[in-house]
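Protein sequence lines correspond, in order, to chains X and H. Taking the numbering used here, the leading residue of the first sequence gets 1, the next gets one more, and so forth. Taking the numbering used here, the leading residue of the second sequence gets 1001, the next gets one more, and so forth.
Simulated from the structure, these hints should not be mistaken for lab results. C-beta: ideal position from N, C-alpha, C; glycine also. Possibly wrong hints are sitting among the right ones.
[As the list claims (entries may be wrong)] Chain X side only, calculated, beta carbon under 10 Å to chain H, not exhaustive:
(1) L15
(2) F16
(3) F156
(4) G343
(5) I350
(6) S380
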Amino acid sequence: MTEKLLTKHFGTENLFRIDVYLKLNGYQSARKAVLEMMPEEILNEVKAANLRGRGGAGFPAGVKWAFIPKDVQKPKYLCVNADEGEPGTFKDRYIMNHNPHLLLEGIIIASFCVGINTAFIYIRGEYEMVAKRLEQAIAEAYANGFLGKKVFGSDFHLEVIVHRGAGAYICGEETALLESIEGKPGNPRLKPPFPASIGLFKCPTVVNNVETLSNMPFIIAFGAEKFRRLGLQNDGGTRIFSVSGKVKEPGIYELPTGISLREIIFNHAGGIQEGKRLKAVIPGGISAPILKADEIDIHMDFDLLIEAKSMLGSAAIIVIDEDTSILDVLKIITTFYSHESCGKCSPCRIGNSWIHKIVMRIKEGKGEKDDIENIIRLASNMVGKTLCPLGDAAGMAILTIMEKFMKEIESCIEN
Amino acid sequence: MKIIIDKKEIIAENNKTILDIARENDIYIPSLCNHSKLSPYGACRLCIVEIKGRKGYFPSCSIFPEEGMNIKTDSPKLKRLRRNILELILLEHPNACLICGEKENCDEYKSTIRKVSEVTGCVLCPSNGTCELQEVVNALNLKSIRFPSLYRDSEIRKNDPFFDRNYNLCILCGRCVRVCHEIRGVSVLSFVYRGSKTTIGTVLDWNLHELGCQFCGACVDVCPTGALTEKSKKYEQSPDRKERTICGICSMGCELEVEIRNGRILSCYPRKDGPVNEGQACVRGRFALKEIVCHPKRIHYPLIRKKKKLEEVSWDEAIDFIAEKLKTYKGSQVACILSSQVSCEDSYVFQKFANNVLKTKNIGTIAANPDLERFSQKSDCELMSNFRIRDISKAKVIFLIDSNVSVSNPIIWIEILKAVSNGAKLVVIDSLRWPYSRQATICLQIKPGTESYLFALIAKLLLGEEQEENFPNTEYFNFYREFLSKIQMSEALEAIGIEEKEAKKTAEILNEDGLKYFIFGSGFTQYSWGISNLTSLWNLSLQTQARVIPLTFESNLKGVLQTSRPFSAMKKDFAEIYKIISDGKIKALYSNGPIPLYSKKSIEFIVVQDSFMNENLMVADAVLPASTFLETEGTFVNVEGRIQKFNKVIDPLGESRPDWWIVAQLGKRMRGKGFDYKKPSEIMAEIKRKIPEFKNVSYNQLKKGIEIFINHKETGEKREEKLTPLKLPPLLMDINEEYPFILLFEYNSDIYRGFVLNREIKGMKLIRNSRWIQINTEDAKKLELTDGESIVVESELRRFKGYVRISEVVPSGIVLASFLSNEEKDFSAAHMMFFSGLKTLPIKIKREC
């Protein structure tokens, strides 16, 4: 059994309560960081731990923090991305629901390190219960003097605010998230400028995923070296994989980074339901290009998956068995993207809705010969030509399915 | 820095986008969502380019140059991609005509068959020929579309005045949303819904006029398609010529382009290169102007009173009649009222006539700020033209006092907004809360008439350790310090009605470095103690090195005042003239502006020279039809002292003639010397000789776009003005049980000579009716009044009628009415104001029965 960090105490009753959490040595790392360490030291630890962002893009967390300009008059902000909209992903909900104080501890460490006094947790609108639990946890932390005017009795002060989204997937994109907190429609901004220089309310802003921040207490507790060695490949720490689809035991699995995909599906998640054969796997949420059954002997590592022309994304593994029609997969993906495009860039707005229309037509048995060509044309029109990664993700996901399952789709149209 | 675009080496500025740089160098990159006046957006993706050494494609509209960047704007691959993207855009827009093989023939033979409001192709679209989609389709040579098109089937929004919104033609470039937000600061338009359902709309799909839209028309001007179209132009053919001129309604002096067909104006819109307005205008110039010129109330023929009735006569007869009559009066028996919306040339000839021929000293103009003139003389400072509109955007601190600036002086507001988005701090000081004040850093809603207290208090807070030698002139310094030391903080705060921390914050803001402006509207000097307000502000401006800008409304107030220099009699305001007339000494009145109806009693002979008929003209003995500024040429001097030439755009309507011509005829007929003018340029030549301020003016130079200002003074110049002794005015008179409300008067800025825009033009009536009486929501509830109801406002001595407008602009206990010098007697707030001599009055409100 490998070592678990984030999910280690998930079985403990009432873990979400601060007294339970404190008994398990909770808030020790944050206390150590604030009272005993210099921000510079923490930053070096995080950099050395090689912790890569768990939201999807896999940007090294330490490097991201280092981008924040030091000598500015403006306030700085931390935005915790808890929008978790990527279909197939449910890890952040588990963390916030079971162990909200772990996240708060991470927030304290990050804020202290970067010099932030206000943190927003932008939580997905549908997570109403989770938001309530978070608010309760924050109230407890304030009452214990871990948040507010004097954090752990030091001069450092920190406010944490829970901001609920309204259900748009695009608000998980960091700049759209900032727009949404500012009270505007969640449309992505042009980059550059990046949030690190001009972010929330035009101030320097760090945007981090829930899981990324929840790893911070362990980096402080174990030290960078030990944390880094937990990973099997280049990246440090463990990763929570959300496994769903036709497996015997779907759920979250905290495993070392770089573990092989086959191992997760067959050793940990119990293999395919009813002894069916594996058809395909989407390895990182539906934005990740699909892998066929013979491609799953791959390490779940950011760089290796990119080499395999897919991506690790949010580590949401969707398992598809031989009984599932690829057209259904395509239908779900295109329905999602045509609904979730923000509507700004024409290739994405019009492209996605048209692909969806064509797929639906094929599904109804009214497919035409040039439909495949049209889908490919519309999808490749999106990749690399839109403002934010949504167009890229949709385009790549659809193109890969078309490429790898061309025969099946062709036969769908013919029959 | 050097960059390479399509193998051509270009020296680029780093604050311009690649798209702008390419366009400046005649390299065509198609684009639909980009607009030169708006910030980069990058939605249509048509402008994608390739950059050597970088993967992928980049929207040139939002990429800035870097040293040595090598850009490719055209390649077969880019062409194909752009065509693909354009194809997608056209799926959401009626496209049959755009890609039709016969379109050239169609253009020739079916120029206008637009008799339906639903647009299903270019031939039915009002923007046919000016549409940017057509341009891009031609440039990319798109011939076919492989998908069936999608008609949104969105209902056409026709319930607003001036323009329709047809979102079936919208390509979601977002220009209208952005111009409304970025440049005008209104944000009425917004994106609604998401993804493929995205559309442009308003809150709850309400009509624009219900949401505070002031119909500046900026959205219509930036729309690349026919989605937003001017109603009055919808079924018109294309213009046969376009002329440029200056709008002569307000003091901004926006440069307009006028489209004409068969001698008729089709449309007026702001020119992008207008030196003052840079592509912006307001409802007056953009939409109302066209209606004004050909309004049914235009006077077409000279009229004289025969047997108690005004009858049409020839010019000869009218001039003879007036000359004969006027000869019989002595100079002291004649009063002249001069409009401040006529050209410098008209004004000069009029005053020459009054001075040399009628020999009267009673000449007045409707100068909204008489106190300002007096103050400028007294304290030896040049308040009237010491700024440039363009400089406002560079300010770091702006105080905006007693002005509905976004409506009355829209271009100034645009500049203020630019400053605010550059990080300037805006302090709004007003007893009313105008919609624009949400852009303010701090908004001080003071009690009416306590401005001087506020500025004295801020001066006290700032003075602190300030030393004498920091003041440019020390004459009154000790007096000033002593005076300020006597002010009691708590008493002053209570009188003003603000909290201590607000006052301190304001002082803090004012203490910051950088360019500071105090901008005030007519309401500031309108109170009986206007001089106190001015003095207090003036002293504070000296103390903090801020510049003071008074806002004026009429297009040529400055010109009219300047052209009065050779003549001794000018500088009377309307209230003073009103007083002279009421005294009963005046027997004859010659006005080319408004006339007070109620002055008839003592006056025997009234001549009015105006372009429009209104009720008040019924008392005139002779009415002379003057042309509007679109039918003649001349010069205007705008609020910043910029001299601008306006051009003749159409022929004079009916028998109407330019003002200078009419007065010159009368002058000649009455044997005056020097009235042999053939054209306005001859008058300007004379003005140049007589008035040194105009010595550089030449029509040719103005036409070439050379900027000429009156009293040119650089912003950075050292201040040499003096502190002025200040006396604080008494506090406002108390309301009592019988008269429980305070009435404030707002100067109506929507007039052109005798024509009241917001009374005669239906659309403008809808957004700012001149007869509205604005009442706070709570007060209206207490009095059980509803919107639009007829009410009577009564003071102790006078009363007038109006319609209820429930609004959040006025605080509880205050009622706001707009005043006009030529309103009908029953509705005239001005009458009440001039009669009482007071500018805030305790009143009561009654329902009209």
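Broken hints, by number: 1, 2, 3
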